[in-house]
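Novice: Residue-level listing of the chains:
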Amino acid sequence: MLSFALRRLLLAVPTLLFISLVIFLLLEASPGDPLGDVPLTVPPEVKERMREALGLGQAWYVRYALWLKQFFWVEPLYWFDRVFGTGFSQGMQRIISFQSRSPVFDVIAERLPQTLTVVGLSYLVGVMIALPIGIVSAYRQYSWFDQIGTFVSMVGFSLPTFFTGVVFIIVFGIKLQWFPSIYDTTHRVTDWDSFLVQLRQMAMPVAVLALYNAAQISRFMRASMLDNLRQDYVRTARAKGLSERVVVLKHVLRNSLIPVVTVIALGLPAVFGGAIITEQVFKVNGLGQLLILAIHANDMPMVMTLTFIFAVLIVSFTLIADLLYGVLDPRIRYD
Amino acid sequence: MKLRSLMPGAAATAALAAAMAPAAFAERGSDGQVNVIMWQAPSTMNPYLSAGTKDIIAGSVVLEPLASFTPEGEVVPRLAAEIPSVENGGISEDLKTVIWKLQPGIKWSDGTPFTADDVAFTAEYCMNPQGGCAQLAKFEGVEKVEAVDELTVRVTFVSPRPDPFSAFVGAQSPILQKAQFQNCLGEAAPTCTEQNFNPIGTGAFVVREFRTNDVISFAANPEYRDPAKPAFATLLMKGGGDAAAAARAVLETGEFDYAWNTQLSPDVIAGMEAAGKGKNAAAFGSLVERIHVNLTDPSSSLPEGERSTIKHPHPILTDPAVRKALSMAIDRQLLTEIGYGPAGQPTCNLVPAPAAWASENTECLTQDIEAAKALLDEAGWTVGAGGIREKDGKRLTLLFQTSVNAVRQDFQALIKQWWSEIGVETELKVVDPSVFFGGDAGSPDTFQKFYADVEMYANNFEGSNPEPYLARQTCDKAPGPENQWQGENTSRYCDPEYDRLIGEMTQIVDPAERGAMGRRLNEMLTRDSNAIIPLVYRGTTSAVSNALGGVKLNAWDSELWNVADWHRVK
Numbered sequence: 001m002l003s004f005a006l007r008r009l010l011l012a013v014p015t016l017l018f019i020s021l022v023i024f025l026l027l028e029a030s031p032g033d034p035l036g037d038v039p040l041t042v043p044p045e046v047k048e049r050m051r052e053a054l055g056l057g058q059a060w061y062v063r064y065a066l067w068l069k070q071f072f073w074v075e076p077l078y079w080f081d082r083v084f085g086t087g088f089s090q091g092m093q094r095i096i097s098f099q100s101r102s103p104v105f106d107v108i109a110e111r112l113p114q115t116l117t118v119v120g121l122s123y124l125v126g127v128m129i130a131l132p133i134g135i136v137s138a139y140r141q142y143s144w145f146d147q148i149g150t151f152v153s154m155v156g157f158s159l160p161t162f163f164t165g166v167v168f169i170i171v172f173g174i175k176l177q178w179f180p181s182i183y184d185t186t187h188r189v190t191d192w193d194s195f196l197v198q199l200r201q202m203a204m205p206v207a208v209l210a211l212y213n214a215a216q217i218s219r220f221m222r223a224s225m226l227d228n229l230r231q232d233y234v235r236t237a238r239a240k241g242l243s244e245r246v247v248v249l250k251h252v253l254r255n256s257l258i259p260v261v262t263v264i265a266l267g268l269p270a271v272f273g274g275a276i277i278t279e280q281v282f283k284v285n286g287l288g289q290l291l292i293l294a295i296h297a298n299d300m301p302m303v304m305t306l307t308f309i310f311a312v313l314i315v316s317f318t319l320i321a322d323l324l325y326g327v328l329d330p331r332i333r334y335d
Numbered sequence: 001m002k003l004r005s006l007m008p009g010a011a012a013t014a015a016l017a018a019a020m021a022p023a024a025f026a027e028r029g030s031d032g033q034v035n036v037i038m039w040q041a042p043s044t045m046n047p048y049l050s051a052g053t054k055d056i057i058a059g060s061v062v063l064e065p066l067a068s069f070t071p072e073g074e075v076v077p078r079l080a081a082e083i084p085s086v087e088n089g090g091i092s093e094d095l096k097t098v099i100w101k102l103q104p105g106i107k108w109s110d111g112t113p114f115t116a117d118d119v120a121f122t123a124e125y126c127m128n129p130q131g132g133c134a135q136l137a138k139f140e141g142v143e144k145v146e147a148v149d150e151l152t153v154r155v156t157f158v159s160p161r162p163d164p165f166s167a168f169v170g171a172q173s174p175i176l177q178k179a180q181f182q183n184c185l186g187e188a189a190p191t192c193t194e195q196n197f198n199p200i201g202t203g204a205f206v207v208r209e210f211r212t213n214d215v216i217s218f219a220a221n222p223e224y225r226d227p228a229k230p231a232f233a234t235l236l237m238k239g240g241g242d243a244a245a246a247a248r249a250v251l252e253t254g255e256f257d258y259a260w261n262t263q264l265s266p267d268v269i270a271g272m273e274a275a276g277k278g279k280n281a282a283a284f285g286s287l288v289e290r291i292h293v294n295l296t297d298p299s300s301s302l303p304e305g306e307r308s309t310i311k312h313p314h315p316i317l318t319d320p321a322v323r324k325a326l327s328m329a330i331d332r333q334l335l336t337e338i339g340y341g342p343a344g345q346p347t348c349n350l351v352p353a354p355a356a357w358a359s360e361n362t363e364c365l366t367q368d369i370e371a372a373k374a375l376l377d378e379a380g381w382t383v384g385a386g387g388i389r390e391k392d393g394k395r396l397t398l399l400f401q402t403s404v405n406a407v408r409q410d411f412q413a414l415i416k417q418w419w420s421e422i423g424v425e426t427e428l429k430v431v432d433p434s435v436f437f438g439g440d441a442g443s444p445d446t447f448q449k450f451y452a453d454v455e456m457y458a459n460n461f462e463g464s465n466p467e468p469y470l471a472r473q474t475c476d477k478a479p480g481p482e483n484q485w486q487g488e489n490t491s492r493y494c495d496p497e498y499d500r501l502i503g504e505m506t507q508i509v510d511p512a513e514r515g516a517m518g519r520r521l522n523e524m525l526t527r528d529s530n531a532i533i534p535l536v537y538r539g540t541t542s543a544v545s546n547a548l549g550g551v552k553l554n555a556w557d558s559e560l561w562n563v564a565d566w567h568r569v570k
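Heads up: the sequence lines are chains A and B, in that order. Quick note on the UniProt record's numbering: the first sequence kicks off at 1 and runs consecutively. Quick note on the UniProt record's numbering: the second sequence kicks off at 1 and runs consecutively.
These aren't lab readings, by the way, just hints derived from the structure by calculation. Don't be surprised by glycine CBs; every beta carbon is placed ideally from N, CA and C. Hints may contain errors.
Stated by the list, open to error - Every beta carbon over 10 angstroms from chain B, so not counted as near; a handful from chain A, in silico: (1) L21; (2) L27; (3) E75; (4) S89; (5) W192; (6) F195; (7) R245.
Claimed, not checked - Covered stretches of chain A, as calculated for chain B (at least 3 residues, CB under 8 angstroms): (8) 35-44; (9) 50-57; (10) 127-139; (11) 305-314.
Given the sequences, and given the hints that come with them, work out the whole structure.
Specialist: Set out below in structure tokens:
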């Protein structure tokens, strides 16, 4: 197991380097210009100066090497300095966003809490709803509960969040005025009342995303339960005279959870990636909104850094899922 | 420049008068918080590092210039004691130096005095060649800026300047505090994140917290020169979402007091206004949506580097009758109604304002399909196969390009229809805005390269002096390989007489004469040659809550130019 993990970790290094190069080249090849939004009233000579100030005058491989150095050397040094109060990164240029001219990682750090609370919570809520629905749906296959569950998950699957989000805003935000339609990122939870305010403003985005996540996971759970319910060991357990409760919740559920856990683990990087559309609809302004804005503005350092962090997360969560699989299922051994 | 509230005039005046009265007695910070939503979120507070309107607006809450433009396009003093002129001795006889006298007693929000040194430093900051200053054009032709004494600044120009109000005038070039920014010159400019996000200013508010592309919290500036202002204790500027959601937050849910740039289709706005929580207001600056006619041949059979250059005149569009017919066939009234509603006016002018410069050029406002047909017949273009006109084996077929934008695509479809009625076949093309306006010399799809026969976009000028704007339509400003396709004379209009008049204009000082010359130049480009076919004079629109008073929408300067006067209407 350990050697497997080490081998995979080592292999991840060239994979990630390759991914970073591909992302960089894709961004390089894509049309568009970081100064595309600059008004036409700004003369071309001034634009040229601005372009040079952004470092765009150099060849692509120079800029790529610079980014690598900044990402893998300057940024870690900077954070090391922050923690230990040392001064190794003095005078070194961190990765700077084209849009705001501020360090990319500071902006990401500022955005992470919003994304984790809203998107993370919705994932948690989604999982908590999905598992019981999946279990009951499978155990009582084709019952009315299963039919409703299937219907709800189909709705969750097929309705895009930009639609459900706007419907929620119109119904609960404008008509009923129960919830605010705009998320206040400056809100601080200090007491019971401010906590309620926070709950109110999170209610709609969390609900929209939870519906979407729950739909997917409940289908996995149901399918996996159905597979296991038909197994011989279930019949044996029943024949032994075990109660239905023990049969379903102990024997079947445990075995069915194995693939579901991997699915959940694989979905976790998406939590960090933020929910691009939902964040935009409710103005949560987390990482998803940051990415989409950066893409629109052709903010190369920001897009590059964000997508690369997502790549790192995906690669590491895949590894975690693989290892979890081994831990949960004793039949699987990585030797 | 007209400020047009969408309320009926009398009601608006009454409401304004009622709203102004309590403001006079209010004290600083007595009105709580005002919420502003900017659907394009501000990225920085320093307008010298970003030319984006959203960032300039955010910066204008804190940073102030020496003088501002009013909604009518006039220059009014702000940090300056008066506007320099030849009469008051502020502008020298040879028009090469300008003396700005500063208002005494002004303090930065940190309590230190505001002096002429700060003004001179600001010029040094922007004119530094390594800084990549986005507002460098404001300082064009400035030789030096010196602090004569504590409260006097002298600006020296390389050549005479009849209209010197570019540097330090308007929200694009406000004054930075020397003490705060002195280590941020040149290459260090972008690394000064702390300074760029939290500039110390003289304006009505100070930054309390800045989150880039998300939200900015402001608090009333304790050192602001008028002790009774601002009426609001705090200002929250939230970013994100889209124009419709922003308008909804003001007009329907009432969560916000002011939404910037709510350019939406007129029926959508009308539906939202029906909720009775606020109004969409419009202000007009100099933005004109127009069609540029390519006077050079964009044909793909020409070698790269010669397409759309002066070397090869356009086979069809060099015929003035065709250009005139194209203009006559367009119903500008209908375009305006469909695309912009009250936020637009049909126009035949490239320079629609200020009043002294706006030509009485209204001939094109009535569509005349029959006359257009007759004109083409007369010029020898006869109707051929499929109803398309032809002459000497050349068919009247045009490629019409523009950027991706719902209103522009509606316009394209309508214009295509009208042109087909006069026997002109039109092929439509749309380009992503970041490519179209990106100016990448390697791309064939930029508006400057103009590998099409006609194209549509909007442009405006900053400040209230259209001279530099008109000067960009001379022969040598035509984009081509020799200037990396960067010129702004996209029509490739080239008339020696025009160039001569532009040269003459730099010598004229008298405002009335300048206006007359400007009108003449504008007519040469539009009515006389139809090299540029203006369509709609576009306003900027913003949604204002009924609970917010004191808003005077301004298209010549930052929309928040008078945020100090904003107050709560109870």
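Novice: For the region 127-139 of chain A, does the count of residues with a C-beta closer than 8 angstroms to a C-beta of chain B reach 3?
Specialist: violated (count 0)
Novice: The output says F195/A does not contact chain B. Does that hold with a beta carbon cutoff of 10 angstroms?
Specialist: holds (20 angstroms)
Novice: Quick check for students: does the CB of L27/A sit more than 10 angstroms from each CB in chain B?
Specialist: holds (13 angstroms)
Novice: Could you let me know if the closest chain B CB is still more than 10 angstroms away from the CB of W192/A?
Specialist: holds (22 angstroms)
Novice: Given that the region 50-57 of chain A was listed as covered by chain B, double-check it with a C-beta distance under 8 angstroms for 3 or more residues.
Specialist: holds (count 5)
Novice: Are 3 or more residues of the region 305-314 of chain A near chain B, judged by a Cβ distance of less than 8 angstroms?
Specialist: violated (count 0)
Novice: Are all beta-carbon distances from S89/A to chain B longer than 10 angstroms?
Specialist: holds (13 angstroms)
Novice: With 10 angstroms as the threshold, tell me whether L21/A passes as away from chain B on beta-carbon distances.
Specialist: holds (22 angstroms)
Novice: Per the coverage rule (Cβ-Cβ under 8 angstroms, at least three residues), is the region 35-44 of chain A covered by chain B?
Specialist: holds (count 10)
Novice: Is the nearest CB of chain B more than 10 angstroms from the CB of R245/A?
Specialist: Holds: least Cβ distance 48 angstroms, greater than 10 angstroms.
Novice: Could you let me know if the closest chain B CB is still more than 10 angstroms away from the CB of E75/A?
Specialist: Consistent with the label, E75/A stays out of reach of chain B, its closest Cβ about 15 angstroms off (over 10 angstroms).
The structure shown violates the earlier hints numbered 10 and 11.
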